[in-house]
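Novice: Protein chains in written order, with the working numbering: chain A, 1 to 246; chain B, 1 to 246.
Derived by calculation from the structure, the hints in this document are not laboratory data. Just so you know, not all the hints are guaranteed correct.
Treat identical chains as interchangeable: a pair holds within one or across any two.
Listed next, the in silico DMTMM-like pairs over lysine to aspartate or glutamate satisfying Cα-Cα at most 20 Å (straight line) [unchecked claim]: (1) K142 with D154; (2) K192 with E105; (3) K142 with E152; (4) K142 with D176.
Here the structure is a predicted model, which means the values were calculated and not measured.
2 protein chains.
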Amino acid sequence: MKVTVVGLGPGAGADLTGRARRAIEGADLIVGYTAYTDLIRDEFPDKEMLSTGMKKEVDRCRMAVRAAAEEGRNVAVVCSGDPGVYGMAGLIYEVSREFAPVEIEVVPGITAACGGAAVLGAPLTHDFAVISLSDLLTPWEKIEKRLECAAEADFVICLYNPRSRGRADYLERACDIIMRSRPAGTVCGYVKNIGRSGETYRILSLGELRGCTDVDMFTTVYIGNSQTAVINGNMVTPRGYMQRGE
Amino acid sequence: MKVTVVGLGPGAGADLTGRARRAIEGADLIVGYTAYTDLIRDEFPDKEMLSTGMKKEVDRCRMAVRAAAEEGRNVAVVCSGDPGVYGMAGLIYEVSREFAPVEIEVVPGITAACGGAAVLGAPLTHDFAVISLSDLLTPWEKIEKRLECAAEADFVICLYNPRSRGRADYLERACDIIMRSRPAGTVCGYVKNIGRSGETYRILSLGELRGCTDVDMFTTVYIGNSQTAVINGNMVTPRGYMQRGE
Numbered sequence: 001m002k003v004t005v006v007g008l009g010p011g012a013g014a015d016l017t018g019r020a021r022r023a024i025e026g027a028d029l030i031v032g033y034t035a036y037t038d039l040i041r042d043e044f045p046d047k048e049m050l051s052t053g054m055k056k057e058v059d060r061c062r063m064a065v066r067a068a069a070e071e072g073r074n075v076a077v078v079c080s081g082d083p084g085v086y087g088m089a090g091l092i093y094e095v096s097r098e099f100a101p102v103e104i105e106v107v108p109g110i111t112a113a114c115g116g117a118a119v120l121g122a123p124l125t126h127d128f129a130v131i132s133l134s135d136l137l138t139p140w141e142k143i144e145k146r147l148e149c150a151a152e153a154d155f156v157i158c159l160y161n162p163r164s165r166g167r168a169d170y171l172e173r174a175c176d177i178i179m180r181s182r183p184a185g186t187v188c189g190y191v192k193n194i195g196r197s198g199e200t201y202r203i204l205s206l207g208e209l210r211g212c213t214d215v216d217m218f219t220t221v222y223i224g225n226s227q228t229a230v231i232n233g234n235m236v237t238p239r240g241y242m243q244r245g246e
Numbered sequence: 001m002k003v004t005v006v007g008l009g010p011g012a013g014a015d016l017t018g019r020a021r022r023a024i025e026g027a028d029l030i031v032g033y034t035a036y037t038d039l040i041r042d043e044f045p046d047k048e049m050l051s052t053g054m055k056k057e058v059d060r061c062r063m064a065v066r067a068a069a070e071e072g073r074n075v076a077v078v079c080s081g082d083p084g085v086y087g088m089a090g091l092i093y094e095v096s097r098e099f100a101p102v103e104i105e106v107v108p109g110i111t112a113a114c115g116g117a118a119v120l121g122a123p124l125t126h127d128f129a130v131i132s133l134s135d136l137l138t139p140w141e142k143i144e145k146r147l148e149c150a151a152e153a154d155f156v157i158c159l160y161n162p163r164s165r166g167r168a169d170y171l172e173r174a175c176d177i178i179m180r181s182r183p184a185g186t187v188c189g190y191v192k193n194i195g196r197s198g199e200t201y202r203i204l205s206l207g208e209l210r211g212c213t214d215v216d217m218f219t220t221v222y223i224g225n226s227q228t229a230v231i232n233g234n235m236v237t238p239r240g241y242m243q244r245g246e
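Based on the sequences and whatever the hints tell you, model everything.
Specialist: The following block contains the structure:
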């Protein structure tokens, strides 16, 4: 009948919107990556849930669309953060072409960029670029080009997937590229486990970030623009109101 | 006592997170731009609300921090979308330096980029850049540079404040800059009044967007990357799972 792609926000629970909650309540089958269905299992104990492991994205989306198109079910596909930012929303549309027509709705959630920014202070209050350092689906050269251009244009940069086992030095390489046009003293920050137990953050310089080994795959990284400052221990990018002279 | 900067999401109501709702309920004074306090007045009828008009951002933030620092109140500053994306979060930190120390918390909300993307389909499923076309606080040359670099690096581009009375031709100028590195057939979309009454959207080409007069200050605009496509009437940027050959 219908597939609703639902964003849970960074840690589900308190960051869930009313609309996301109603979409889950109204579904008769929940599909998601195991770590995400686990996030909501306690809150929706009576729901039938189908989960698959990492890197099974296409299978999982086909399973969801098939259940809607062939079994007439109301399916909610749950994603951490926002399903439209590196989430399953795009893939659900792509996969849906293989089946009889089904209605698709996307319910937005708080993406990690916004959730983590709120922990650090206000790093994204001016123009920003969001870049994933994962080269599983994107050639590294394209990622490099984006880092280079974003740094050159003085965007605040938010990095998803900054590190994983197979990509131990990608964050270092990204910092090197950015340092071609930004000083090593640029204010940076990162947040681990946003909205979940074990949430921690740190504010540091771009030079320090380059050598930082604490950043893992559950971390979101922020590189400030030329105006980003530390105010009382928070990372803040001014929008320009005060600078206008009020 | 405390200032909580709260994101209402695109249209408050259903897009409000549980955490945002509790922050408003727990505050004894709500401060915001008139259009935003109006969004929540029906839902929180007993709350004292202080609102000011457009372009009074610094006054409004000082009012909020003063009430917390000097009168010991629990103040919620409400913003449409996410307070950390062109919202009041940064300014609250800046202004707080003028007063005795107060606790500041930012409660994220669904920003227009994510809210509008969900209406169009999944335009932001790959790396993207968010750029405001308002030159009230940013020199136009800096905006041009960001448009140029974002287009060159094949980011999906999301434009906030694409047009206002004083800037009738800015969207046209932005499209001209982007068309230096993107074909006129690039898939674009826009959404008006996201999450509010009168929500409408349109999917069109970059060439059509250039001449489009329907875009106003309540519109969020999306310019696809080289892979963005139209699938069953939705704007979708593939993440690359299908292209990997599954």
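Novice: Report the numbers of all earlier hints that the structure fails to satisfy, in ascending order.
Specialist: No hint contradicted; all consistent.
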